[in-house]
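Each protein sequence line maps, in turn, to chains A and B.
Be aware that the first sequence starts at 1, since it is given in the working numbering, and climbs by one per residue.
Be aware that the second sequence starts at 381, since it is given in the working numbering, and climbs by one per residue.
Because the hints were derived from the structure by calculation, they are not lab data.
Here a beta-carbon is modelled for each residue, glycine too, at the ideal position from N, C-alpha and C.
Check the hints yourself; a few may be wrong.
Where chain A lies over chain B, by a calculated footprint (3+ residues, C-beta under 8 Å) [to be verified]:
| no. | segment |
| --- | --- |
| 1 | 414–423 |
| 2 | 463–472 |
| 3 | 605–618 |
| 4 | 636–645 |
| 5 | 730–739 |
A few chain B positions that, by computed beta-carbon distances, are all more than 12 Å from chain A [claimed, not checked]:
| no. | residue |
| --- | --- |
| 6 | A494 |
| 7 | F577 |
| 8 | S626 |
| 9 | A672 |
| 10 | E744 |
| 11 | E746 |
Computed beta-carbon distance windows for the label pairs [to be verified]:
| no. | chain 1 | residue 1 | chain 2 | residue 2 | range |
| --- | --- | --- | --- | --- | --- |
| 12 | A | F24 | B | R503 | 38 to 48 Å |
| 13 | B | R503 | A | E180 | 57 to 67 Å |
| 14 | A | G73 | B | E747 | 47 to 57 Å |
| 15 | B | E747 | A | Q238 | 36 to 46 Å |
| 16 | B | R527 | A | H134 | 56 to 66 Å |
| 17 | A | Q173 | B | D702 | 49 to 59 Å |
| 18 | A | D277 | B | A709 | 53 to 63 Å |
| 19 | B | T526 | A | Q173 | 53 to 63 Å |
| 20 | B | Q499 | A | D277 | 46 to 56 Å |
| 21 | B | H675 | A | Q119 | 36 to 46 Å |
| 22 | A | D277 | B | E418 | 25 to 35 Å |
| 23 | B | R503 | A | H182 | 52 to 62 Å |
| 24 | A | T305 | B | G658 | 37 to 47 Å |
| 25 | B | A421 | A | Q288 | 31 to 41 Å |
There are 2 protein chains.
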Amino acid sequence: MYDRSTQVDRSADSINFGIGQPDFALLPHALMRRVAAERFAEGDTELLNYGFPQGDGRFRWALADFLSRGYCGPVPPQQLMITAGASQALNLLCTLLTRPGDTVFVEEPSYFLALRIFQEDHRLNAVPVPTDEHGLEPAAVKEALTRHNPTFLYTIPTYQNPTGRTLPHSRRQELLALAEKHDFLIVADEVYHLLDFGTPPPAPFAFAADSGRALSLGSFSKILAPGLRLGWVQTSAQRARQFAASGLVDSGGGLNQFTSNLVRVALEGGGQRDYLDGLRREYRQRVQAMDAALHKHIGDRATWTLPRGGFFFWLTCAESLDTTALLAAAASANVGFLPGPRCSSVNGLSHCLRLCFAHYAIPEIEEGIRRLGQVFDSIQ
Amino acid sequence: MYDRSTQVDRSADSINFGIGQPDFALLPHALMRRVAAERFAEGDTELLNYGFPQGDGRFRWALADFLSRGYCGPVPPQQLMITAGASQALNLLCTLLTRPGDTVFVEEPSYFLALRIFQEDHRLNAVPVPTDEHGLEPAAVKEALTRHNPTFLYTIPTYQNPTGRTLPHSRRQELLALAEKHDFLIVADEVYHLLDFGTPPPAPFAFAADSGRALSLGSFSKILAPGLRLGWVQTSAQRARQFAASGLVDSGGGLNQFTSNLVRVALEGGGQRDYLDGLRREYRQRVQAMDAALHKHIGDRATWTLPRGGFFFWLTCAESLDTTALLAAAASANVGFLPGPRCSSVNGLSHCLRLCFAHYAIPEIEEGIRRLGQVFDSIQ
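Modelling step: build the complete structure from the supplied sequences, incorporating the hints.
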């Protein structure tokens, strides 16, 4: 989610909605300070030693319990393999499941750095599949399957990056049926799933992990702190053991022993739950503030749907608008966003843009969208 | 270094010299507890946020200063890219520099889990190159180059795993000249370099990083704590920036922001230096104790050289001895080791075995080698 090219100096009065990061001021400093002290006070040295490749057992139990409540359904700890974040999990899956030249399906648009992991780091053939206001279209997947034989489909089903949209339950079922029929995997990046602002989303792909057909990626980056580099893959217990038996995981004794030992205390003591509840309350206010500001300052010059969770608004402007060019004008007005083509595997969607509402407090959101409105005014 | 198959229950009175891990009792609990508290007391939330892809700037400066003193020569922070440990660095290099089927040269014997990363995780063609009592033989490399065109040569030049041997300066120069002439890279796993027990070893390959021809892997696993999953690659500043610009590194905002922020305090305050000095003193006593016990209980039934640093003794027995079969007899006597074939890319070296002297205190070392002597007695 970090991207240098969209990061600007905040002290320079810039408001850059292109930054897809939590607000520095909201990061759980007090909580992590407390759980670190508590974990060290337990007195053993296990947190400093090599761990079990699949991940610390007590941590996996605590995480499974937390996820079972969050997902409203059972998550067996045997299905969890601990990673150093969702990006590293994607990298692990590409290493262990693909070869250069293999085809993977990606949503159009999708998370721009996942596309780089696929296309540049692993030299995969990333085939874009169109989405509509409800996310991936199963018919479009079916159509693409007549021409391609993908190793996996990469989807961000809930509060998608960049669109904020959520795939309905029925489409999830259709995709699973297609995956079964055409023998490909579904890699579901579910890092925003727990970040709803009211109504819970449809059941996660994590619930289809048992068969090994779906792999669900989770992370503490959005619900606790990205610097921790801590996440998980949920898949069949057998596949989780296979991943853990790879040389690269086995060699390090698991992918994040120390940090997972600290976060375990936050899970067991309820600190993680309380912190996430606070985030949800705060983000709900921010999303409403941005929506109101967009109505006021952008109005009918773009369309969007109100995100029900996650980090992002996705604005669709007039077809003739080039948001990459618009970004230059925006920079002069000290405001920023992520242009649509950055989220496209084929450099498309030039009339769209992504805005993150998580990074700034409400006064900055209102001021930033006011500036954005002026940028739109200036190009009329 | 962790390997489940060689780990036994210590409570069951087993002494397993196959475990290549630090002694739990030596892990820096008090130091890490203190630096965690100090880092949180600094009050900012930077340690919890996404970091810079190449690694936290203050941490890289502190690490460069520490390495400059340890290596007795300048280490520019621009040449350092922070990783989540040497294993993850190896994985990163394989992803970014190789394709399945590419050839890499490995020492025979070598670190058994690196072999799995190459052969199984990345499906590389690992070609073994013979070593002698001074490590890699440049003539053997030259000979192998007549038949192969490697992407890189993987070497553990100092206090090698598993042999404990150190490559002399002249051979290092010869290898670098060969790499230049035949256009391959040298990936030097220098994780034991700072763990000398008296005389410093020859200059590290890190000093040849400037050209980008050599890449030096370092880690805190052997000098501080393996559970931290914190290491670095030293290479040319340009290559370090290239690695940092990959999707998989950029996406996470660096590979270990939180832990590097803690360890930075240990570097700046001298805690890391003092801890390492203590480790060296302790390991020097252990290596001497194991050497004395080997002379007493094994005698002329094996040959070995006294390690001048690192973790390991390498025993060469009679050609007719099968150390894999011997391990079964050893298990009955509650003692363990790593059989030679586990360290071979071609399942060879069946008459050799690796003993780790770092994991146990002196009384256990003496008792374990006494048991090993009895196992040797029993098969005469």
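For each hint, the structure was consulted:
no.: 1; hint: 414–423; result: holds (count 4)
no.: 2; hint: 463–472; result: holds (count 6)
no.: 3; hint: 605–618; result: holds (count 5)
no.: 4; hint: 636–645; result: holds (count 5)
no.: 5; hint: 730–739; result: violated (count 0)
no.: 6; hint: A494; result: violated, 7 Å
no.: 7; hint: F577; result: holds, 22 Å
no.: 8; hint: S626; result: violated, 5 Å
no.: 9; hint: A672; result: holds, 28 Å
no.: 10; hint: E744; result: holds, 17 Å
no.: 11; hint: E746; result: holds, 24 Å
no.: 12; hint: A:F24 to B:R503: 38 to 48 Å; result: holds, 42 Å
no.: 13; hint: B:R503 to A:E180: 57 to 67 Å; result: violated, 27 Å
no.: 14; hint: A:G73 to B:E747: 47 to 57 Å; result: holds, 51 Å
no.: 15; hint: B:E747 to A:Q238: 36 to 46 Å; result: holds, 40 Å
no.: 16; hint: B:R527 to A:H134: 56 to 66 Å; result: holds, 57 Å
no.: 17; hint: A:Q173 to B:D702: 49 to 59 Å; result: holds, 56 Å
no.: 18; hint: A:D277 to B:A709: 53 to 63 Å; result: holds, 59 Å
no.: 19; hint: B:T526 to A:Q173: 53 to 63 Å; result: holds, 59 Å
no.: 20; hint: B:Q499 to A:D277: 46 to 56 Å; result: holds, 47 Å
no.: 21; hint: B:H675 to A:Q119: 36 to 46 Å; result: violated, 59 Å
no.: 22; hint: A:D277 to B:E418: 25 to 35 Å; result: holds, 30 Å
no.: 23; hint: B:R503 to A:H182: 52 to 62 Å; result: violated, 25 Å
no.: 24; hint: A:T305 to B:G658: 37 to 47 Å; result: violated, 60 Å
no.: 25; hint: B:A421 to A:Q288: 31 to 41 Å; result: holds, 36 Å
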